[in-house]
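In order, the protein sequence lines correspond to chains X and V. Counting along the first sequence from 1, when you hit position 320 you're at 320 in my numbering, and nothing is skipped either side. Counting along the second sequence from 1, when you hit position 167 you're at 167 in my numbering, and nothing is skipped either side.
Any given hint could be a false lead.
[What the hints assert, rightly or not] No farther apart than 20 Å at their CA atoms in a straight line, the calculated lysine to aspartate or glutamate pairs in the DMTMM-like style are these:
no., chain 1, residue 1, chain 2, residue 2
1, X, Lys58, X, Asp100
2, X, Lys146, X, Glu223
3, V, Lys84, V, Glu35
4, V, Lys84, X, Glu293
5, X, Lys58, X, Glu171
6, V, Lys84, X, Glu371
Hints are computed from structural coordinates only; laboratory data are not their basis.
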Amino acid sequence: MRWLLLKDLRILRRSPGLVALLILYPVVLSVLIGFALSAGPDKPKVAFVSLVQPGNDKLQLGDETLDLSSYQGQLFDAIDRVPVDCNGKTALQCRQAAIDTVESGEAMAALVVPEDFAARLGGLQSLALSGPPTIEVFYNADDPVKAAFVEDTLEAQLRDANLALTTKFTEIGLSYLSRIVDGGKIEVPLSDDIELLGLRRSEELVRRVRSQVPPAQRAELDEVIRFSRLGRRNLDFSGPLLRAVSEPIRVEQVALDGGDTSLSSFAVALAVAVSLMFITLLLAAGSLALEREENAFARLVRGLVSRTGLLVEKAGLAAICSLVICLAMLAGLGLFVDLDWARAPLWVAALAVSALAFGALGVAVGAVTREVRAASLLCVMISLPLAFLALVPSGSVAPAVDDVARAISAVFPFRPTLDALDAALNGGGSLAVPLAHLAALALAFGALARLALRRFA
Amino acid sequence: MGTATKQALVADGIAKRFGAREALRGVSLSADRGELVAIIGPNGAGKTTLLSILAGIQRPDAGSVNREPREVGWVPQQAALYGKLTVAENLRLFARLEQVEQPDAAVAEMLELTGLGERADDLAAELSGGNRQRINIAIGLLGRQDVLLLDEPSAALDPRQRGRVWEFVLGLAARGTAVVYSTHDLQEAARHADRVVVLADGEALFEGSPAALGEVVERDGGSHSDFEEAFVAFLRHRGH
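Whenever a hint applies, use it, and build me the whole structure from the sequences.
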């Protein structure tokens, strides 16, 4: 078997094109999948135009002045801002320039803050019926995916801005209530400050006066004292109530299953699993089918090598090659993603057992197809759906489809390989269970390959 | 020398069935040391199946062969070589798999025997069909077995290449190797075989020298001018 292994390695060395394709194709494919999953979309390109005149971006809330421009920072962190040249343009022209950036494809969306933004926001604290300010958002809906992405991003940012303003309004309202209860100073623009007595001190004052008035008149003072006490107590409840209004629901997220694997770490496991699958399957299936195409199979199994030995050699060859490539790939990915190198022995264990399972599947494919081209085609046809099936999140499809997807994933090595790699790389769940699963699959596919060899020659 | 020691290969009552089709029906065959035995017959007669069973590639449903697979050299119809290996590497690989004690010496011997010493470092894929077949035969000889089975050894070769192959095989027989080969080329059977076995529909209809086949045809009232005509007349007389 050693000589056969060396022979296959020599043949591989003399097939640089095949080896390059065998390595580059899955690596490029898996890296693309990995990036698609981990990086997520870039920040959307958004043209931002504020028509608010300089100096009008301050909002006076009672005795407090809010600088509204400070709320733009959070928005700008979430978008890739496309500049709009408004120099020498009217507000209308500037608004149109922002829309033009969307129509030309330069920006995915345009966000226009109206001139009266601060005035309308300030009007909310008065009885003015102007209504809240309206920010205009224009986006290109040609691509539904992009449109949804832009919509989600901007909605999330505006929701955060609304929440921040609500919290601020609440704080200011609460400070007014506090002064009504406890007294204090209120600053009035362009006028003298107003000193408020407050309910608490009013009650104390009336109590002191009460002993000095005739008993017949005390009942009326008692009414005032009672009003002050009740008012103060009830206003004490207003604080918690208003704070609850600003953020009535809080969310606490707890992951019950699958550990705390980050998306980028999972993408590494996925990229390596896809590469391992492609390399091992193609190599195992192709090298076995090649023995038949070279007419060497019949000569070999006439006592030179047993059929089982030949299968072990092909699966082993593929497993060793893919193990080496995938370890090199992990080392390369480790430069970009934070990997725990102390877990390296677990990586090797996960990769080795997974590679053997894929090797067994590969020789089964090679034994059934009996031709290199047919074997390669079948490997690709098996690999892609397996990868997609294994990535279907449970609960995202109808229960029956979910059950079928899980059942199919369970009888092929991709899903357990992904689980094993996730456990080995990221500590996401048990490693022993997927390894046992993979070992069982390796035996099952090995037996299938041995059966198929009966009609191989 | 008695028959028991002279006979290098004995197959007795070989039967093989593929589903409902009987490929071989109780075929017996023997070959003495240094003897050339040709298996001839129309397409589908069972020639390749018989050779595969003699070589141990397939198991018979009934009957026996007196040699283990590793005790006979086997040369398949199509060259069983690795195109990405050189001539010497192919020979060395199979010498090692055959557990030959001195593989390099065996390779050198086979290169000399095939006359391909100068092509030792050429890839097998770059060889002509005739040269590939010579290497194919040489690989079959690496185990130094005294029985060599060849399945249509000269098929798809031009006359010059065919001549080289036969020169090589006849040399082996002259050194005592029992050679059993199948062929569609009746002139080749008549020219080189000591005995021919005529197979038709999985049945051995005749076993004897090429001249004896002509005599059988004449006894049956037929006429022939050469071996090919005798063969055709023989089969026709027996309903094939």
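Here's how the hints hold up against the structure:
no.	hint	verdict
1	Lys58/X x Asp100/X	29 Å, violated
2	Lys146/X x Glu223/X	65 Å, violated
3	Lys84/V x Glu35/V	35 Å, violated
4	Lys84/V x Glu293/X	13 Å, holds
5	Lys58/X x Glu171/X	17 Å, holds
6	Lys84/V x Glu371/X	17 Å, holds
Checked against the numbered hints given earlier, this structure breaks hints 1, 2, 3; the rest are met.
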